[in-house]
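Trainee: With chain D's structure known, arrange chain E on it following the hints.
The primary structure of each chain is shown beneath.
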Amino acid sequence: QSALTQPASVSGSPGQSVTISCTGMNSDLTNYNFVSWYQQHPGKAPKLILYEGSKRPSGVSVRFAGSKSGYTASLTISGLQADDEGDYYCCSYVGNLNWVFGGGTKLTVL
Amino acid sequence: EVQLLESGGGLIQRGGSLRLSCAASGFSFISYALSWVRQAPGKGLEWVSSISGPGDYTHYAHSVQGRFTISRDNSNTTLYLQMNSLRADDTAVYYCAKVLRAGGVYFDYWGQGKLVTVSS
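So the sequences go chain by chain: D and E.
This note's numbering applies: residue 1 is where the first sequence begins, and numbers increase by one.
This note's numbering applies: residue 1 is where the second sequence begins, and numbers increase by one.
Extracted from the complex, chain D is given alone in its bound form (with noise of 0.2 Å):
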C-alpha cells in the first residue's frame, strides 16, 4: 500500500483551529473505522489522539476532533494551544496486521 498524503505542514495562532487532512487511494481509507491519529513532540514517542476515527483515548482533549468526506480523513485541532506544536500522523490499518502512514504533518503554532 502506498503512504497516505498529508498536507507537510500547518499553522495557525493561539486560538485558532487548524485541519489536518489525510487523503488514501482507492481502500486504504475505506473503513473509517481503521483510522488513527498520532501525536508526536520533538524527541519522543508518537501518541494516540483519535482512534476509530474520531474517538479519544481517556486523557485527550476534546479540543482535538476526526472526521471524514470521501476518501479524506481529517483532524482539527481547535482552541490552538503551545503544546499542540509537533508532528501529525494519520494511521490506516489495512488488514492482516498491517497498517499504512500518512507521511506527517508539522504544526507550527505562530
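Simulated from the structure, these hints should not be mistaken for laboratory data.
C-beta atoms are modelled at their ideal positions from N, C-alpha and C, and glycine is treated no differently.
You may find that some hints are simply not true.
In silico SDA-like cross-links for lysine to any residue, where the CA-CA straight-line distance does not exceed 25 Å [what the hints assert, rightly or not]:
id, chain 1, residue 1, chain 2, residue 2
1, E, K43, D, F64
2, D, K47, E, G8
3, D, K106, D, A45
4, D, K47, D, T108
5, D, K106, D, A65
6, D, K55, E, Q3
7, E, K43, D, S74
8, D, K44, D, T76
9, D, K68, D, Q40
10, D, K47, E, A33
11, D, K55, E, Q112
12, E, K43, D, G15
13, D, K44, E, V99
14, E, K43, E, S120
15, D, K47, D, V100
16, D, K55, E, G10
17, D, K47, E, G10
18, D, K44, D, N31
19, E, K43, D, L110
20, D, K44, D, G59
21, D, K47, E, H59
22, D, K44, D, S69
23, D, K55, D, G86
24, D, K47, E, S120
25, E, K43, D, S58
26, D, K47, E, G53
27, D, K47, D, T72
28, E, K43, D, A3
29, E, K43, E, Y80
Some chain E residues near chain D, calculated using beta-carbon distances under 7 Å [stated by the list, open to error]:
id, residue
30, G10
31, F27
32, A33
33, G42
34, L45
35, S50
36, H59
37, Y95
38, G104
39, V105
40, Y106
Mentor: For chain E alone, coordinates are given in the frame of chain D:
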C-alpha cells in the same frame, strides 16, 4: 500502567545483524498483538512488522520481508526484532507498539524508541 521498553539498538555495519528487544509490563501480554514501527531521521513513521498474541501469525512490510524476523516470548513478556542484512536505509528509531483491537485496530501504547544506525 502499560510500559514498553526497547533495548538493543546501536551502531552496526552494513550487512550486519542486530536484535532489538521490547520488555512489556502492565497488561496481559499474550492477549495482544504487537508491532514494530520505525522512523528514519527526519522522516515519518513506517510500520515494519507485527505478530499476533500467541505468536502464530507474523507480518512484514515489503521493505524488510526476508531480512527481519519478529518473535515474542510470552513467558517473559518480551518482543523481539531480529534484523539481518542491514542496509543504510534501515537506519531509524525503532518503536515497539501495543495493538488494540476494538472497533478499529490501532496502536494504543508505544515504547520510547531505540536508535539503530547502519554505517556504510
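Trainee: Is K43 (chain E) within 25 Å of L110 (chain D), Cα to Cα?
Mentor: holds, 23 Å
Trainee: Holds or violated: are the alpha carbons of K47 (chain D) and V100 (chain D) at most 25 Å from each other?
Mentor: holds, 16 Å
Trainee: Given the hinted pair K47 (chain D) and A33 (chain E), is their alpha-carbon gap at most 25 Å?
Mentor: Holds: K47 (chain D) and A33 (chain E) sit about 18 Å apart, inside 25 Å.
Trainee: Please check whether Y95 (chain E) passes as an interface residue: C-beta within 7 Å of a C-beta belonging to chain D.
Mentor: holds, 6 Å
Trainee: For K43 (chain E) and S58 (chain D), compute the direct alpha-carbon distance and say whether it is at most 25 Å.
Mentor: Violated: K43 (chain E) and S58 (chain D) sit about 28 Å apart, past 25 Å.
Trainee: Given the hint that K43 (chain E) pairs with Y80 (chain E), does the C-alpha gap stay at or below 25 Å?
Mentor: holds, 23 Å
Trainee: Are the Cα atoms of K44 (chain D) and N31 (chain D) separated by 25 Å or less?
Mentor: violated, 29 Å
Trainee: Can you verify the interface hint for A33 (chain E): is its Cβ closer than 7 Å to any Cβ in chain D?
Mentor: This interface hint holds because 6 Å falls under the 7 Å limit.
Trainee: Go through the hint on S50 (chain E) and say holds or violated, using the shortest Cβ distance to chain D against 7 Å.
Mentor: holds, 4 Å
Trainee: Holds or violated: is the Cβ of L45 (chain E) closer than 7 Å to a Cβ in chain D?
Mentor: holds, 5 Å
Trainee: Holds or violated: are the alpha carbons of K44 (chain D) and T76 (chain D) at most 25 Å from each other?
Mentor: It holds: about 22 Å lies between the C-alpha atoms, which stays within 25 Å.
Trainee: Would the hint on G42 (chain E) be counted as holding, given a Cβ-Cβ threshold of 7 Å to chain D?
Mentor: violated, 10 Å
The structure is inconsistent with the numbered hints 12, 16, 18, 22, 24, 25, 30, 31, 33, although it conforms to all the rest.
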